[in-house]
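Count the sequence shown with the numbering used here and you get residues 1 to 298, in order.
Hints in this document: simulated from the structure, not taken from any laboratory.
Glycine included, C-beta positions come from ideal geometry on N, C-alpha and C.
Some hints could be false.
Taking lysine to any residue and the SDA-like style, the derived pairs with C-alpha atoms no more than 25 Å apart in a straight line are [as the list claims (entries may be wrong)]:
no., residue 1, residue 2
1, 261, 77
2, 201, 129
3, 261, 121
4, 261, 87
5, 201, 70
6, 261, 127
7, 201, 275
8, 261, 279
9, 201, 228
10, 261, 139
11, 201, 189
12, 201, 125
13, 261, 70
14, 201, 130
15, 201, 83
16, 201, 106
17, 261, 81
18, 261, 118
19, 261, 107
20, 201, 81
21, 261, 56
22, 261, 74
23, 261, 111
24, 261, 225
25, 201, 67
26, 261, 282
27, 261, 55
28, 201, 190
29, 201, 250
30, 261, 241
31, 261, 278
32, 201, 213
Derived DEER-like restraints, expressed as beta-carbon distance ranges [to be verified]:
no., residue 1, residue 2, range
33, 76, 181, 15 to 25 Å
34, 200, 40, 14 to 24 Å
35, 138, 72, 45 to 55 Å
36, 153, 56, 22 to 32 Å
37, 110, 136, 12 to 22 Å
38, 56, 261, 32 to 42 Å
39, 125, 272, 44 to 54 Å
40, 70, 257, 25 to 35 Å
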Amino acid sequence: MPDVALSRPGLPARMFRSLHLPLNDRFALFGLAVYAVFVLTAIFADQIAPYDPTEILYTPEYDLAADLRPGEDGFILGTTSLGRDIFSQIVHGTRSALLIGITAAFMVALIGSIVGLVSGYFGGWIDAILMRLADIAFGIPFLPFVVVLAAFLEPSIWNVVIAMALVLWRDTARVIRSQVLTLRARSYVDAARVSGSSDLKIIMRHIAPNILPLSFLYGSIAIGWAILTEASISFLGFGDPQSISWGYMLQDAFASQALAKQAYYWFVPPGICIILVVSAGFFITRGYENLLFPKLGR
């Protein structure tokens with residue numbers, strides 16, 4: 001009788017197949033295109049932005065370039081009430097958004113995957129302890145927790161990353177645990193165990209590659225959550241005042257009564273950017289759902 005475990009595709013092939021992008025889904029393609037545009041913008045922000053986002057600008061006609069409308073004196077999206085270029089702030093805000101989003105998504109996916117793998121595979125008291133920790137994390141209201149954390153720590157964009165790493169791994173861990181519970185009962189895992197493979201080897205070789213799509217699915221969700229959370233706490237005044245982000249721009253526009261001045265060019269662009277990034281994460285998640293659960297599309 002052939003060894004079922006050894007007859008399966010090699011680890012690199014299964015890893016590559018697990019990382020397969022949902023290119024057949026039009027919504028997922030749109031999400032990937034949006035991410036690609038923002039990533040390129042973040043990489044070449046210094047070349048794209050005509051001014052320093054924190055620089056107070058002056059014009060030959062006016063002493064201070066404050067409250068200029070889009071297109072006036074060459075400013076693409078106008079200026080803030082302090083004479084700062086809005087377009088440059090949008091471009092540089094992309095860096096903060098992606099830095100927070102990708103870092104937080106990586107931490108959520110990593111912690112959740114490890115907890116789910118260990119809990120689902122070993123079971124027993126290990127599973128009980130880890131799942132009770134997940135229950136505690138589910139009982140913590142996320143946004144108030146971020147606000148309290150930002151109030152106790154020095155204002156920083158990393159507060160969002162820390163908060164997400166401490167709280168939002170719960171969803172990923174729960175789902176991956178349930179998947180591991182089914183995978184560990186498969187025949188190829190039993191064959192690998194009988195042939196003398198260690199627990200670590202079984203987890204890394206036969207189980208982890210099969211849960212990677214779930215990790216990426218929840219990671220893509222976490223990117224949008226992180227960017228939205230950073231915008232929320234910055235709007236509430238708990239963000240890093242030294243870092244230009246889309247949330248900081250919204251808070252600055254609100255404090256300067258941009259709506260009363262009908263300065264829509266000030267707060268609408270960062271709002272659209274936030275909506276696009278969050279929607280892109282949802283569309284990519286939708287594509288991964290069709291890969292993981294093909295019956296949903298029938």
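To see whether the hints hold, each was checked on the structure:
no.: 1; hint: 261 to 77; result: holds (15 Å)
no.: 2; hint: 201 to 129; result: holds (23 Å)
no.: 3; hint: 261 to 121; result: violated (59 Å)
no.: 4; hint: 261 to 87; result: holds (19 Å)
no.: 5; hint: 201 to 70; result: violated (60 Å)
no.: 6; hint: 261 to 127; result: violated (57 Å)
no.: 7; hint: 201 to 275; result: violated (42 Å)
no.: 8; hint: 261 to 279; result: violated (29 Å)
no.: 9; hint: 201 to 228; result: violated (38 Å)
no.: 10; hint: 261 to 139; result: violated (42 Å)
no.: 11; hint: 201 to 189; result: holds (10 Å)
no.: 12; hint: 201 to 125; result: holds (22 Å)
no.: 13; hint: 261 to 70; result: holds (14 Å)
no.: 14; hint: 201 to 130; result: holds (22 Å)
no.: 15; hint: 201 to 83; result: violated (59 Å)
no.: 16; hint: 201 to 106; result: holds (23 Å)
no.: 17; hint: 261 to 81; result: holds (10 Å)
no.: 18; hint: 261 to 118; result: violated (56 Å)
no.: 19; hint: 261 to 107; result: violated (41 Å)
no.: 20; hint: 201 to 81; result: violated (60 Å)
no.: 21; hint: 261 to 56; result: holds (20 Å)
no.: 22; hint: 261 to 74; result: holds (21 Å)
no.: 23; hint: 261 to 111; result: violated (46 Å)
no.: 24; hint: 261 to 225; result: violated (30 Å)
no.: 25; hint: 201 to 67; result: violated (62 Å)
no.: 26; hint: 261 to 282; result: violated (34 Å)
no.: 27; hint: 261 to 55; result: holds (22 Å)
no.: 28; hint: 201 to 190; result: holds (13 Å)
no.: 29; hint: 201 to 250; result: violated (49 Å)
no.: 30; hint: 261 to 241; result: holds (23 Å)
no.: 31; hint: 261 to 278; result: violated (28 Å)
no.: 32; hint: 201 to 213; result: holds (20 Å)
no.: 33; hint: 76 to 181: 15 to 25 Å; result: violated (54 Å)
no.: 34; hint: 200 to 40: 14 to 24 Å; result: violated (39 Å)
no.: 35; hint: 138 to 72: 45 to 55 Å; result: holds (51 Å)
no.: 36; hint: 153 to 56: 22 to 32 Å; result: holds (29 Å)
no.: 37; hint: 110 to 136: 12 to 22 Å; result: holds (19 Å)
no.: 38; hint: 56 to 261: 32 to 42 Å; result: violated (19 Å)
no.: 39; hint: 125 to 272: 44 to 54 Å; result: holds (50 Å)
no.: 40; hint: 70 to 257: 25 to 35 Å; result: violated (19 Å)
Violated hints for the displayed structure, listed by number in ascending order: 3, 5, 6, 7, 8, 9, 10, 15, 18, 19, 20, 23, 24, 25, 26, 29, 31, 33, 34, 38 and 40.
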